[in-house]
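Chains A and B, in that order, give the protein sequences. Going left to right, the first sequence walks through residues 1 to 98 as UniProt numbering numbers them. Going left to right, the second sequence walks through residues 1 to 94 as UniProt numbering numbers them.
For the record, the hints were derived by calculation from the structure and aren't laboratory data. The beta-carbon is built from N, C-alpha and C at its ideal position, and this holds for glycine as well. A few of these clues could be false.
If we take Cβ atoms under 7 Å as the criterion, some of the chain B residues that face chain A in the derived model are [claimed, not checked]:
1. Pro22
2. Lys34
3. Lys43
4. Asp46
5. Thr58
6. Thr69
7. Leu70
Calculated Cβ distances over 12 Å to all of chain B for the following chain A residues [stated by the list, open to error]:
8. Asp7
9. Glu22
10. Leu92
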Amino acid sequence: MPRLSNDEFLAEMGKLLRKAGEKDNPSSVSLTMKHVVEEVVQNKGKKNENVVEEARCLIRARSGKCKISTVVRPRNRVQFSIAYSTILKSNLKSLSSH
Amino acid sequence: MIVYDKFNEFYEAAEDMYHAAPSSTRYVLKHTKKDGEGAVELKVTDNVSVIKFRSSLTAHLKHVDRINTLFISLAMEKPEGVDAASSSRRRRKA
């Protein structure tokens, strides 16, 4: 499962959602969110180098055999949330309006 | 497995489940499209219990948005009981 950058992931996720339900494509897409803790090295190469644990959000997308994932860092949270919700909204329009 | 009819009840249950077990709780959005009609299933599980909310209404898109925002924010919070001092440690110089 390749770990993509946030922008690459969003582009791929958009493709998976658009293709879902079309001929010869899987009919569903699953998006999973999970809390992960990863280590970050601060002041790398300097005297006061130290390792800090940072809470991040792991997001996976799966459609048939295609699996992709990305990790969102707190500093990219707002930017990612906006882009993520825009892509979802534009691709979930097939829901019934009744 | 509990399937909720009301979104607000599902939302509160999801939040409680996450706070009880942050590292093992995950949220899954499953979008299914068949014959041009779409449906969404929201699932939150901690590997012990499962809660779900299903919808095929465009009006519920704002609910999807709400729970996405909630989980992105929750995932970036430090789990309770881990204070800053214990989560940071100095790397030993070689």
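Hints, verified against the model:
1. Pro22: For proline 22 of chain B, the interface hint holds, since the closest Cβ of chain A sits about 5 Å away, which is under 7 Å.
2. Lys34: holds, 5 Å
3. Lys43: Status violated, d = 9 Å.
4. Asp46: Since the shortest Cβ distance to chain A is 11 Å, the answer is violated.
5. Thr58: holds, 5 Å
6. Thr69: Holds, because the Cβ-Cβ distance from threonine 69 of chain B to chain A comes to roughly 6 Å (cut-off 7 Å).
7. Leu70: violated, 10 Å
8. Asp7: holds, 16 Å
9. Glu22: violated, 8 Å
10. Leu92: About 6 Å separates leucine 92 of chain A from the closest Cβ of chain B, which leaves it inside 12 Å; violated.
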